[in-house]
Amino acid sequence: MSARACAVLLLALAGLSVSAQAGEIIRFEAGPQARTDVVLANVPVKALVTEFLDPGDSGAGKSVGYLVWREILTAISDQAGAGVILARAPGDQRLTDLLEQAYHDAAVRIAREQSASMVVWGAVNATGDSIYVSTYLSLLPEAAGLALKLRLSGIPPLPPGLEAEIARTNFNFPPVEIRRTDLFERKLVARKEATVRAAADASSKGVAKVSAGKTLDAINMDKGWFEVRLADGKTGYVDNSVVDVPPRTVEASRTATALQDSPGGKRVRTVTLDGAYRVLDMRYVAKKGLWYELEVGEGRGWVPATAVRARFSLPVVHFVAGLYRYQFKRYEEARREFTQYVAAPDSRADNASLATAYQLLGASTLMTKETVFQADPAALNYFSKAVEATPYDPAAYSLRALSTLAVRQELGGALADLEQALRLDADDPAAARIARTLDQSLRVPEGNARTLVTMLRDSRQPQTQERLQGLMSHYLKIDGPQ
Amino acid sequence: MMRVIFLVLCVSFCVRVAEAAPLVSGTVTTRNGTALAEVQVQVEIRNVKTIPPTDAQGRFQFDAATLFPGAELRDAGGLMLKFSKPGFQSANKLLRLIPNQKPAPVAMQLDPSAGSAALAPSDKQSLDKYAAAPGGAPLFLIPYALSGVAAADPNKVNEVLRANLERVIVTHVQASAAGGSAAISLKLLPVSDAGDIDRMRAYGTYLNALAVISGFGEVGSAAGKKGTLGVSSTFMVVPQGDLIAAPVLYVDDEFPADQVSSPRLYQHLSKLWGRSAVLALGVSELRKATASKDKDALKRIRKYLQSERSGSGPGDEALVSQLNVLIEALDKELGK
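Note that the protein sequences, when read in sequence, are chains A and B.
104 is the number that the numbering used here gives to position 104 of the first sequence; each next residue is one higher, with no gaps.
253 is the number that the numbering used here gives to position 253 of the second sequence; each next residue is one higher, with no gaps.
Because the hints were derived from the structure by calculation, they are not lab data.
Some hints here could point you the wrong way.
Derived PhoX-like pairs: lysine-lysine, alpha-carbon spacing no greater than 25 Å straight-line [stated by the list, open to error]:
1. K299(B) <-> K477(A)
2. K266(A) <-> K214(A)
3. K187(B) <-> K129(B)
4. K288(B) <-> K336(B)
5. K234(A) <-> K223(A)
6. K303(B) <-> K149(A)
7. K336(B) <-> K299(B)
8. K477(A) <-> K336(B)
9. K234(A) <-> K266(A)
10. K477(A) <-> K187(B)
11. K477(A) <-> K303(B)
12. K369(A) <-> K329(A)
13. K187(B) <-> K124(B)
14. K369(A) <-> K288(A)
15. K287(A) <-> K214(A)
16. K332(B) <-> K477(A)
17. K223(A) <-> K209(A)
18. K187(B) <-> K332(B)
19. K149(A) <-> K369(A)
20. K156(B) <-> K223(A)
21. K214(A) <-> K234(A)
Every beta carbon over 10 Å from chain B, so not counted as near; a handful from chain A, in silico [stated by the list, open to error]:
22. G59
23. D201
24. K234
25. A256
26. S384
27. P391
28. L476
Glycine included, every Cβ here is placed at the ideal spot set by N, Cα and C.
Make the full structure from the sequences, and use the hints.
Rendered as structure tokens:
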């Protein structure tokens, strides 16, 4: 029988409406009884970013919160149905002072009130030109029905039960040490006519006007205001809400692409992009998507965002952007974001977040193909990287077992991983479920089970069957037919 | 009776050790400087190695490369030194290994095991408002004794220290799935006994604390490096008794003196202190759940210890071995 199967990543997600991505700012209400009106009520997938804590009173906490919020918005700028909320302390108050020990609980409470499924928070310390940024992410699966599972299914169908959860919900990303210039020195694009003011204050006098679509050179940031250098060399401040915030650079690996004279315009020349390129301008064009103008060699030109990988200031932006893409089943974009996350220099310093990024990268890679017969072997490699990062996590082995079934269509390798998962935790539900499904299918190879048994090329080998029986007997205490 | 030896051990730093073999030496004394002979010294990365006990002058020495030939030492960022002697409290000290740099001599002080500093009524009165209800799980920070650069405003430095340490500990505990078990917090105590282990324990016991943290900071410190701030931190798990015998954990850090609130300090301490807090929470709750035969509580503890282990990576083997001890104890209680 010619089995056709595909790996399906399930996302039990409430119906997605098609509304443009959006950003909103709310006040971070700290008291236990405090509530804030729900914003972006019709946006199905939302993240909450809180102002970053600033225990050393460096002044960078508010700015980094704004920047992360704006960069996530840029990363998902072509994603309908996605929104990002920034919660900031009112006025000049500092979140550190408001919250004392309740920062995480308060951030999660507000995220729940706002029906956000992700909450990003963090802290900064600054010494001289360096800012040291710690970032955290909590997923709230119940908020938007977000449940990340890898399930093998196919046409004709495979038996149910071949599924494992990507269940980690709290992430402490590795701290990043970054210079102020590497965070804030960047191009901005005026969304509408913008007033450049003398100080970082809405009541400050205007010193210049910038028309919509013009670029600005940011050199620093003060709370929610970018300090910009004007053409005449003078400096001023522009509120972040009136500008778009492109990534500072984009990256590519030996990618041949056409440079164009405008977004979707005339081809100027074909180049091979390889490395990092400064972003000079950014545009979103209806039906043509997002475009970047890049500095390439001595020249410049426009490329579609899909031809390159944006490099955002902090790895958390890529991780969150990947989760958005993932939820909307835009697996190629998700794959790009998780690739950027695992390639970030500091990402290896935290095993748990690195492993999850690899699992999501592996799942996205599987999902970009229609059937397991086209499965990219790289997917299995990504799940193996996750095992290397967290070798004591039973879920890492269960997920790799599924990937082995899909990519290699081989039972033996999958059983080795299931044994390891059960050795680590005999109660591991995913490993037990997968093992029972395999055992039942081999015992009664009829209907959907026949598809699976036929697909697994070593399923008839006596030693493989004995190994499965041994696993069932030793770990699940099941001997003989159930 | 079950006795879980709780050894906080976490050597998970990414720095690779220099090719040159680090020769480690040091002395063990009492607080008043009396040399302690016959102190058992063990060295641990993934495996535990026992070296000859201290001599009559309290000295010990070993060649780390001989003790740990191969990749184990090369891939480690530090060594855990474990000191024990009958009649004294066991103590662990993390010795960071810096590439191409000879480790400074280790000066270790042990306290009598029967330490039970008496708190004066006035002490108790000032601490009463910090006392946690039985079952609560606060951690306390006794202000670091800071000299030199920090002397200008030690109160502010200690508050920054508390806020950062609290963040790394609370965040780690929440991320470990133990977050629902207790409201973890780190409160600054209005006392100044940073180096007195007995008093640290007495404060912690009186306050029903999960752990007490303290330390010293000094410009120029032992290595005699100008412009360098040396900080020696102490993490003490308070719950003791039938189930646990928890050594005090010491960690030294060095960073530029003008960075007294250096985030690098918190990066170093985040996983170490966070994991120590989860383990301390585990042994504390295990003790209570075992006494009350609360199977649901035992299952919950097992879950968060499993979660902690799941997030561990290469280099965390020593931590994992301690988690395994606790998980096995739980399985035994659960009849698995």
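Consistency of the hints with the structure:
1. K299(B) <-> K477(A): Given that 25 Å is the threshold and the Cα spacing comes to 20 Å, the pair holds.
2. K266(A) <-> K214(A): With a Cα-Cα distance of about 21 Å, the restraint between K266(A) and K214(A) holds, given a limit of 25 Å.
3. K187(B) <-> K129(B): Given pair K187(B), K129(B) holds - Cα atoms ~11 Å apart, limit 25 Å.
4. K288(B) <-> K336(B): Within the cut-off at roughly 19 Å; holds.
5. K234(A) <-> K223(A): Holds, at about 20 Å.
6. K303(B) <-> K149(A): holds (20 Å)
7. K336(B) <-> K299(B): holds (11 Å)
8. K477(A) <-> K336(B): holds (12 Å)
9. K234(A) <-> K266(A): violated (35 Å)
10. K477(A) <-> K187(B): violated (48 Å)
11. K477(A) <-> K303(B): holds (21 Å)
12. K369(A) <-> K329(A): holds (12 Å)
13. K187(B) <-> K124(B): Measuring from Cα to Cα gives roughly 16 Å; hence the hint holds.
14. K369(A) <-> K288(A): holds (24 Å)
15. K287(A) <-> K214(A): Roughly 22 Å between the alpha carbons, so the hint for K287(A) and K214(A) holds.
16. K332(B) <-> K477(A): Measuring from Cα to Cα gives roughly 18 Å; hence the hint holds.
17. K223(A) <-> K209(A): Roughly 21 Å between the alpha carbons, so the hint for K223(A) and K209(A) holds.
18. K187(B) <-> K332(B): Violated, because 35 Å separates the two Cα atoms, which is more than 25 Å.
19. K149(A) <-> K369(A): holds (17 Å)
20. K156(B) <-> K223(A): holds (23 Å)
21. K214(A) <-> K234(A): This hinted pair holds, its Cα atoms lying about 17 Å apart.
22. G59: Label holds. Min Cβ-Cβ 14 Å, cutoff 10 Å.
23. D201: holds (27 Å)
24. K234: holds (33 Å)
25. A256: holds (36 Å)
26. S384: holds (14 Å)
27. P391: With a cut-off of 10 Å, P391(A) comes too close to chain B, as the shortest Cβ separation is near 7 Å.
28. L476: holds (13 Å)
Comparing the model with each earlier hint shows violations of hints 9, 10, 18, 27; every other hint is respected.
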